[in-house]
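Colleague: Each chain is listed here by its residues.
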Amino acid sequence: MNEIRPPASPRTSAHRSPRLARLAPPLAAFGVVIAGWYGLAYSLDNNFASADGSALIIPPPHQLFVGLNAATVSRIASATWVSLGTAAVGFLLAILVGVVLGVAMSFSRSLESALWPWLIAVQVTPVIVLTPIIVRVVGASFTARLIVTVLIAFFPIASNTLFGMRSVGTALHDVFTLAGASRWHRLIHLQLPAASPAIFAGLRVSAGLAVIGAVVGDFFFTRGTPGLGRLITFFFQDTRSGPMFVTALIAALIGLCFFLAVAALRRLLVSPWHRP
Amino acid sequence: MAVDTRIAAQLRDVHHRFGEVGVLRDVALTVRSGEIVAIVGPSGCGKTTLLRIVAGLLTPSGGEVARPDSGVGFVFQEPALLAWRRVDSNARLLARGDDAIVDHLLAVSGLLEHRHKWPHELSGGMKMRLSLVRSLAARPHLLLLDEPFGALDQITRHRLHDEFGALHESEGFSALLVTHSIDEAVYLADRVLVMSSAPGRIVGEFAVPFPRPRSDHLRYSSEFAALVGNVARSLYRYAGDA
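If you read the protein sequences in the order shown, they are chains A and B.
The opening residue of the first sequence carries number 1 in this note's numbering; numbering runs sequentially from there.
The opening residue of the second sequence carries number 1001 in this note's numbering; numbering runs sequentially from there.
The hints are simulated quantities; they were obtained by calculation from the structure and are not laboratory data.
Do not rely on the hints blindly, as some may be mistaken.
Quick list of simulated restraints, FRET-style, between CB atoms [stated by the list, open to error]:
#, chain 1, residue 1, chain 2, residue 2, range
1, B, R1237, A, I4, 23 to 29 Å
2, B, G1124, A, A252, 43 to 49 Å
3, A, A252, B, A1107, 54 to 60 Å
4, B, E1205, A, R267, 26 to 32 Å
5, A, F236, B, S1089, 52 to 58 Å
Virtual Cβ for every residue (Gly too), placed ideally from N, Cα, C.
Just chain A, same shape as in the assembly (with noise of 0.2 Å):
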């Protein structure tokens, strides 16, 4: 008779911790960034033809902060400042504006087919050439850049909004139709709740867009205290590689940031319940 042995263990390597393993890949990818950045910087014809020979296009990582006095880092405090708060109400506004726009069309056909276009047109149409228009309407103002924002991040939450408020199943609308609920009732115990694990979803798109508006949008407006992408511009012009690349740090972890605290609360609301 032929005996059953259990299976050898594929694990090989028996020693090797699980916490060094789930480091090593984003610690890996981590390293090949580092040596494209130190590859390209040494590789760029003129990168260092400056006088004082720090680099004129991109500094390697270990000259990020040559250059960055008390002045310079006074400024792209305040920037950030006023980066961060556009950006930060702006994804509020986004959210708001996102989540009501697709409940609408969930709730209606006509006005979804009404607005669909132009919602897709606007996500479309280079924010360049809306910004004047926004700046003669509301001037150069805080408002100015929060419409900016709202209109690059909105799309994603409205867009996810809709695709789950549509994707509840007939027979939980059937409960909820049996025990006579209001269409309240409904949206509240039940599409929002729903529809919930997509929103999440075009939030984490829509986090790191309301960055990129604020940023973006920055950069159109000439008056009042510079945000981060007048200030990126500036030290563009002015060939300083270095503040100009931590600025762009400073954006990119202040997207960073939006996409962790999106992803803790998911984590909190969404998370325990929702498998997909």
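We have chain A already, so just place chain B on it with the hints.
Modeller: Here is chain B on its own, set in the frame of chain A:
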């Protein structure tokens, strides 16, 4: 249409069309108070449509429907649970503030110890039990069931049949059950109605004489097999090309 208190639901001359397609034709049926009536029929014969008409989810193209004023309970093919609410909260969704009945139903269906779990943590059988508990928590006079046990394995299905029978004994509701399984229909119901292929109409009626409570032994008796055979013959005669 007013309902006689001894009658849970009544349909007269009900017909229904989806556009040009006839789905139901001249359907007449009565569910008496406390009775379980099962409907078997070939796929696509309009069983689910009939159930949705009885529930009031669909208005028939013609005919009269009488249902309890207090509304009906509906158990769907899928458990249709709210994934974002725990077991306890799902069970209370339709309860009219009567916590005691929900606790009782959770206890008899073995869900009390799982009350703090999320639906995704439950097995298929437990999800269906919860769906049943949720419907019964509203104390419906009439419960409509659309192939609720169809997706379960045989052991779980048989166990749920007995639990359903016990709940029926204790709660005293009336039920209209749509199923693919002749076995299930005969085991659970007091009467089995056979529907023809679409446009569906009632073509056979079989009284089920077995006393309650019924147990698994019944399934292996010759009387049970004979009745299942009779229903099957009637079903195949009118099944058409389904």
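Colleague: Hint by hint, note whether the structure agrees.
Modeller: Hint check results:
1. The hint said 23 to 29 Å for the Cβ distance between B:R1237 and A:I4, and at roughly 51 Å that hint is violated.
2. The beta-carbon spacing between B:G1124 and A:A252, approximately 46 Å, falls within the hinted interval of 43 to 49 Å.
3. A:A252 and B:A1107 have their C-beta atoms about 55 Å apart, which keeps the hinted 54 to 60 Å range intact.
4. For the pair B:E1205 and A:R267, the supplied restraint of 26 to 32 Å is violated, since their beta-carbon distance comes to about 56 Å.
5. Distance hint for A:F236 and B:S1089: a CB-CB separation of about 56 Å, consistent with the stated range 52 to 58 Å.
Figure legend: structure checked against the earlier numbered hints; hints not met, in rising order: 1, 4.
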